[in-house]
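Undergrad: Here the structure of chain G is known, so what remains is to put chain U with the ligand in place on it, guided by the hints.
Chains G and U supply the protein sequences, listed in that same order. Residue numbering for the first sequence follows my numbering, beginning at -15 and increasing consecutively. Residue numbering for the second sequence follows my numbering, beginning at 30 and increasing consecutively.
These aren't lab readings, by the way, just hints derived from the structure by calculation. Misleading hints may appear alongside valid ones.
[What the hints assert, rightly or not] Listed below are the simulated DMTMM-like cross-link pairs for lysine to aspartate or glutamate, each with C-alpha atoms no more than 20 Å apart in a straight line: (1) U/K133 x U/D89; (2) G/K15 x U/D196; (3) G/K6 x U/D196; (4) G/K122 x G/D188; (5) G/K10 x U/D132.
[Said to hold, decoys possible] Chain G regions said to be covered by chain U (calculated; three or more residues, Cβ under 8 Å): (6) -8 to -2; (7) 69 to 80; (8) 144 to 153; (9) 166 to 175.
[As the list claims (entries may be wrong)] Not close to chain G: a few residues of chain U, all C-beta gaps over 12 Å, as computed: (10) G76; (11) D77; (12) D180; (13) G208.
Positions of the beta carbon are idealized from the N, C-alpha and C atoms, including for glycine.
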Amino acid sequence: MTFIYPTGSNKAHPLPLSPAYKSSIKRAPNKPLIPMRHTLSELTGPVYGHETVREGDSDLTTQHKGEPLGERIIVHGHVRDEDGRGVPDSLVEIWQANACGRYVHVRDQHPAPLDPNFTGAGRTLSDASGYYRFVTIKPGAYPWGNHHNAWRPAHIHLSVFGHSFVSRLVTQMYFPGDPLFPFDPIFNSVPDEKARMRMVSSFDLENTKPEWALCYRFDIVLRGQNATPMETK
Amino acid sequence: MQDSVKPDGITPSQTVGPFFKYGLTPTGEYSWNDAFTNSTLTPDVSGDRVRIEGRVLDGDGAVVPDAMLEIWQADAQGRYADPQDKRALPNASFRGFARCGTDKDGHYSFDTIKPGVVPDPDGKPQAPHVVLAVFARGMLRHLYTRIYFSDEAGNAADPVLALVPADRRATLTAVREAGKAVYKLDLRLQGDNETVFFDV
Ligand SMILES: [Fe+3]
Chain G
-15 MTFIYPTGSN
-5 KAHPLPLSPA
5 YKSSIKRAPN
15 KPLIPMRHTL
25 SELTGPVYGH
35 ETVREGDSDL
45 TTQHKGEPLG
55 ERIIVHGHVR
65 DEDGRGVPDS
75 LVEIWQANAC
85 GRYVHVRDQH
95 PAPLDPNFTG
105 AGRTLSDASG
115 YYRFVTIKPG
125 AYPWGNHHNA
135 WRPAHIHLSV
145 FGHSFVSRLV
155 TQMYFPGDPL
165 FPFDPIFNSV
175 PDEKARMRMV
185 SSFDLENTKP
195 EWALCYRFDI
205 VLRGQNATPM
215 ETK
Chain U
30 MQDSVKPDGI
40 TPSQTVGPFF
50 KYGLTPTGEY
60 SWNDAFTNST
70 LTPDVSGDRV
80 RIEGRVLDGD
90 GAVVPDAMLE
100 IWQADAQGRY
110 ADPQDKRALP
120 NASFRGFARC
130 GTDKDGHYSF
140 DTIKPGVVPD
150 PDGKPQAPHV
160 VLAVFARGML
170 RHLYTRIYFS
180 DEAGNAADPV
190 LALVPADRRA
200 TLTAVREAGK
210 AVYKLDLRLQ
220 GDNETVFFDV
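Isolated chain G, as found in the complex (with noise of 0.2 Å):
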């Protein structure tokens, strides 16, 4: 037996071209994608488990010496496949800027101060009932030569291995009700506002630590192997 994952589901994302973020006028291919059917190539992915994750990898805020500065935060959700079932043993990997807006990344030229106690790095692996969890600092905006005083929305980049490679997701998760949200091409890059506003967190003050961390949800919505599997020989 093997799944079919729908391509229509494949409209959520942005196409390739998306001229206001100039950095895909020369990176996006102008002869359209060939179809295929889905191979166990493409049906099949890596499975990785516990021991690519170490203790303490999802908790950015205790990698250093001290604490990092800016708004502790929980970020957690779940990992799910579009029919609505947990996708466990998931890995999730974040990468993010510090809470002045700057990265570690040796090429970023933000004027803004690096912290000695942050590297704005994580990763975990879903639960059996696809839940994950991080705890980190909320992300500043940070200015970009994309256009005349062009700042993305804050973020945290995150990159999910579903369980097929064709499942792979790299996408960014934005804050509820951020005034940059109209300005920003890569935000705005997704045709559908639905779907735009599925990478935006919602607050979420029941799991919000009394006294210590504000909580954001995000779940996370991978490719579904189709309700109906198909049985091939």
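TA: Then chain U with the ligand, alone, in the frame of chain G:
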């Protein structure tokens, strides 16, 4: 909890951006540890060891120094290290996955083994191939392609290569260097000789 809600659709993709390296491909340059390297090799793996290397180029032919490539492949017996491949157990520790960031000159390389033959959904053999995902700043969603090997007779009958116009198949075929277990393939994101990408 919101455990049983059927979602409206998938989470859209966003670019990996220019600053993924310290999180996804630190390779000793950052304090974070590597979950993955550019090698699939494990001490017990059987098969022919090969290196696949080349450059990533944009629509102007300029090198792309901030791309990330990921490969996924079967072992030398054509079996994937995934429970969904139920035909037989793969090599005990072979995973078949590797990740590589391009360097300042746009170079990438993978150390791996030549994969075996994997059947297509009709049971027809596919020529040995590696599945490749390409991520970069400027790419709002990653692209899928495949790497085939120039010295495989099975390429002529491969059902996926057959979908590709004959004059574009070379963009998917890594060329073996004379006398070496090294295969070269440049990836062109756009323009003349643009790499074939698949809609999967
Ligand atoms: Fe960013």
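Undergrad: All the hints need checking, so say for each whether the structure fits it.
TA: Consistency of the hints with the structure:
no., hint, verdict
1, U/K133 x U/D89, "holds (16 Å)"
2, G/K15 x U/D196, "holds (14 Å)"
3, G/K6 x U/D196, "violated (30 Å)"
4, G/K122 x G/D188, "holds (14 Å)"
5, G/K10 x U/D132, "holds (19 Å)"
6, -8 to -2, "holds (count 5)"
7, 69 to 80, "holds (count 5)"
8, 144 to 153, "holds (count 6)"
9, 166 to 175, "holds (count 4)"
10, G76, "holds (17 Å)"
11, D77, "holds (19 Å)"
12, D180, "holds (20 Å)"
13, G208, "holds (29 Å)"
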